[in-house]
Amino acid sequence: MKMWQGLDIFLAVVEHGSFSKAALALDVSTSHVSRQIQQLEQRLGTLLLQRTTRSINLTDAGKHYAARLKLIQQELSEANDQLLGGQQIPKGHIRITGAGDFVANSVAPVIAEFCLQYPEVTVEIDFNNRNVDLVEDGFDLAIRFGRMRDSSLIARKLTPRPMTLVASPSYLNQHTAPTHPHELSQHNCLLAANNRWRFAIDDNIEEVKVSGNWRTNHPHALLQACLQGLGISHLARDIVEPHLASGALLTLLDEFQVTDNASWLVYPRKDLMPYRVRLLIDFLLDRFNTPTD
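Per full-length UniProt numbering, residue 1 is the first one in the sequence shown, and the count goes up by one each step.
These are calculated hints, taken from the structure and not from any lab test. Treat the hints with care, since some could be wrong.
[Stated by the list, open to error] Restraint ranges, calculated between C-beta atoms of paired labels, are given here: (1) Arg215 to Pro242: 17 to 27 Å; (2) Ala248 to Ser29: 53 to 63 Å; (3) Phe127 to Asn194: 18 to 28 Å; (4) Gln117 to Gly17: 48 to 58 Å; (5) Ile72 to Ala177: 50 to 60 Å; (6) Leu26 to Asp60: 37 to 47 Å.
Every residue gets a Cβ at the ideal spot worked out from N, C-alpha and C, and that includes glycine.
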């Protein structure tokens with residue numbers, strides 16, 4: 001039917017970011033892709049893609065349309081899974097977004113184990129620090145670190161990951177160790193996502209503004225600078241644990257630390273989720289000893 005024509009091509013262009021890449025993925029010509037998109041826009045009476053000589057971008061209408069189509073696509077995939085026995089043999093593609101060594105070293109091996117158990121499922125992990133829109137960017141699942149705020153997405157705690165404040169002995173030999181979070185203003189603090197660190201002060205959670213001459217979104221770049229004696233860092237305890245054991249780093253202000261940070265699985269509503277994705281979520285929660293729904 002005409003109403004369905006070009007929808008798969010439109011979604012492929014959105015996913016791959018260009019007509020030529022979509023054509024390659026679909027094994028059709030670039031001219032065929034371009035023609036199908038033009039015909040779809042004509043039928044809808046709306047411009048979906050803004051084309052330039054170097055790139056294409058979704059219009060606002062295109063973004064909303066793609067998001068709705070992806071939800072429909074997920075529902076169709078779920079219906080096909082059930083009809084074709086997908087409940088017994090999961091198959092299809094799963095796109096995951098996450099970042100950091102915890103995802104690479106702790107989560108990815110569990111996902112590889114899942115793929116060994118279910119060889120008809122293919123998995124793509126995109127390591128990106130950007131806080132992507134799961135629906136609009138075509139991801140089934142995100143692995144995020146920190147505290148989860150209110151959202152239309154579902155968040156399940158994968159594992160607690162409390163923070164700790166650390167410095168090297170060489171830094172502390174040259175600077176008096178802080179005895180209260182407010183004294184951090186006198187220190188070179190190595191920064192990651194923001195310049196406000198959370199502490200438990202007088203039975204309240206307080207954000208303390210800090211500053212320093214080193215900022216990066218990679219935890220191991222923070223860790224290395226801290227090990228070299230550049231300043232004080234606020235990192236997940238599991239990242240620094242080996243260096244605490246060796247004495248290369250020392251903890252500070254332990255009595256003020258909060259413990260509500262964690263790594264989370266984040267995903268859209270379960271009723272719109274393919275069976276293979278639900279299975280992977282339960283698989284991960286089971287491996288990390290987290291109660292499932």
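Results for each hint:
1. Arg215 to Pro242: 17 to 27 Å: 24 Å, holds
2. Ala248 to Ser29: 53 to 63 Å: 58 Å, holds
3. Phe127 to Asn194: 18 to 28 Å: Cβ of Phe127 to Cβ of Asn194: about 21 Å, so the range 18 to 28 Å holds.
4. Gln117 to Gly17: 48 to 58 Å: Since Gln117 and Gly17 have Cβ atoms about 32 Å apart, the given range 48 to 58 Å is violated.
5. Ile72 to Ala177: 50 to 60 Å: Between Ile72 and Ala177, where Cβ atoms are some 58 Å apart, the hint holds.
6. Leu26 to Asp60: 37 to 47 Å: Violated - the Cβ-Cβ distance for Leu26 and Asp60, about 26 Å, lies outside 37 to 47 Å.
When each numbered hint is compared with the structure, violations occur for hints 4, 6.
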